[in-house]
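Peer 1: Here is how the chains run, residue by residue.
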Amino acid sequence: MTPAQELAVREKKELATKEEKTVPGRYYVPYADIFETETALTVVMEMPGVEKKDLDVALENDVLRVDGRIDFAKYEGMEPVYTEYNVGHYTRSFTLSNKIDQDGISAQLDDGVLTLTLPKAKEAQPRRISIG
Amino acid sequence: MTMALFPDPFDTLLTLQQALDSFRSSGWLGSGPSGSGGYPPVNVFRKGDDFIIITEVPGMKKSDLEVQVKGNTVRLAGTKSVNYPEKAALHRRERLAGRFDRAVTVPVQINPDGVKAEYRDGILALFLPRAEHDKPKSIQVA
Numbered sequence: 002m003t004p005a006q007e008l009a010v011r012e013k014k015e016l017a018t019k020e021e022k023t024v025p026g027r028y029y030v031p032y033a034d035i036f037e038t039e040t041a042l043t044v045v046m047e048m049p050g051v052e053k054k055d056l057d058v059a060l061e062n063d064v065l066r067v068d069g070r071i072d073f074a075k076y077e078g079m080e081p082v083y084t085e086y087n088v089g090h091y092t093r094s095f096t097l098s099n100k101i102d103q104d105g106i107s108a109q110l111d112d113g114v115l116t117l118t119l120p121k122a123k124e125a126q127p128r129r130i131s132i133g
Numbered sequence: 009m010t011m012a013l014f015p016d017p018f019d020t021l022l023t024l025q026q027a028l029d030s031f032r033s034s035g036w037l038g039s040g041p042s043g044s045g046g047y048p049p050v051n052v053f054r055k056g057d058d059f060i061i062i063t064e065v066p067g068m069k070k071s072d073l074e075v076q077v078k079g080n081t082v083r084l085a086g087t088k089s090v091n092y093p094e095k096a097a098l099h100r101r102e103r104l105a106g107r108f109d110r111a112v113t114v115p116v117q118i119n120p121d122g123v124k125a126e127y128r129d130g131i132l133a134l135f136l137p138r139a140e141h142d143k144p145k146s147i148q149v150a
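Line by line, the protein sequences give chains L and F.
Here the working numbering is used: the first residue of the first sequence is 2, the next is one more, and so on.
Here the working numbering is used: the first residue of the second sequence is 9, the next is one more, and so on.
None of these hints come from the bench; they were simulated from the model.
All residues carry an ideal CB built from backbone N, CA and C; glycine is no exception.
A couple of the hints might just be wrong.
As the list claims (entries may be wrong) - Only pairs whose alpha carbons sit at most 20 Å apart, straight line, appear in this in silico SDA-like list of lysine to any residue:
#1 L:13 - F:64
#2 L:13 - F:104
#3 L:75 - L:55
#4 L:14 - F:49
Stated by the list, open to error - Some residues of chain F that are not near chain L, with every Cβ distance over 10 Å (derived):
#5 77
#6 78
#7 111
#8 117
#9 139
#10 140
#11 147
Start from the sequences and build out the full structure, keeping to the hints where you can.
Peer 2: As structure tokens, this is what we get:
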């Protein structure tokens, strides 16, 4: 990877869903990286402006759902004069395979980046089979 | 709750702004050295006499951010890196890495000694106080 590359601006991707939200405000899809090592699957998501207390990670029926809410109270008393990006909540969900050890999932939020580590279930980890 | 009354102030403004974009060459905000459209996208707010620039740069370290102020221009520079562990198979890669360097101009002179920069939860906020000599004087009517 060359660090000299210039960063380009991308429009935030707004969430398109069939269900409607009960709370006002826009929802965006956070940019995510997913990578896999021998022992775990890691999901990294960018959710700038989301505090730990406003983050909700839930697992239900093999669907991992992340919901990060923005505290708009921070913008009170400020008059916007020029905007280049929109501010909204973040949500994204992934369907997990049953090869994940669902009790061992851990989450870490640093500098607006959420890292979810999903350890693989024992039976899904690579094994060496000895030939008898 | 105020949010119910004003469902989305950003949306309203963004729509208005797109309509006015062509008109913007009149340069109320002035076109800075890099003008608009660079990374990172910024939102500019006014609070009384002072200006606030807010930008989203998630995953950066404070030490990788560089902020400079001169006159009425703020320069934002830095390098954003995204790291993966060795021997990992990448399934999805949407986060971008790279460097950026852009200048943003505000319509007032900034007092460089009073500038505060805060980085929290991936958001960089710059508080730019208007320079004392740039503030309008109130004249007492005799």
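Peer 1: Which hints from the list above does the structure break, by number from lowest to highest?
Peer 2: The structure breaks none of the hints.
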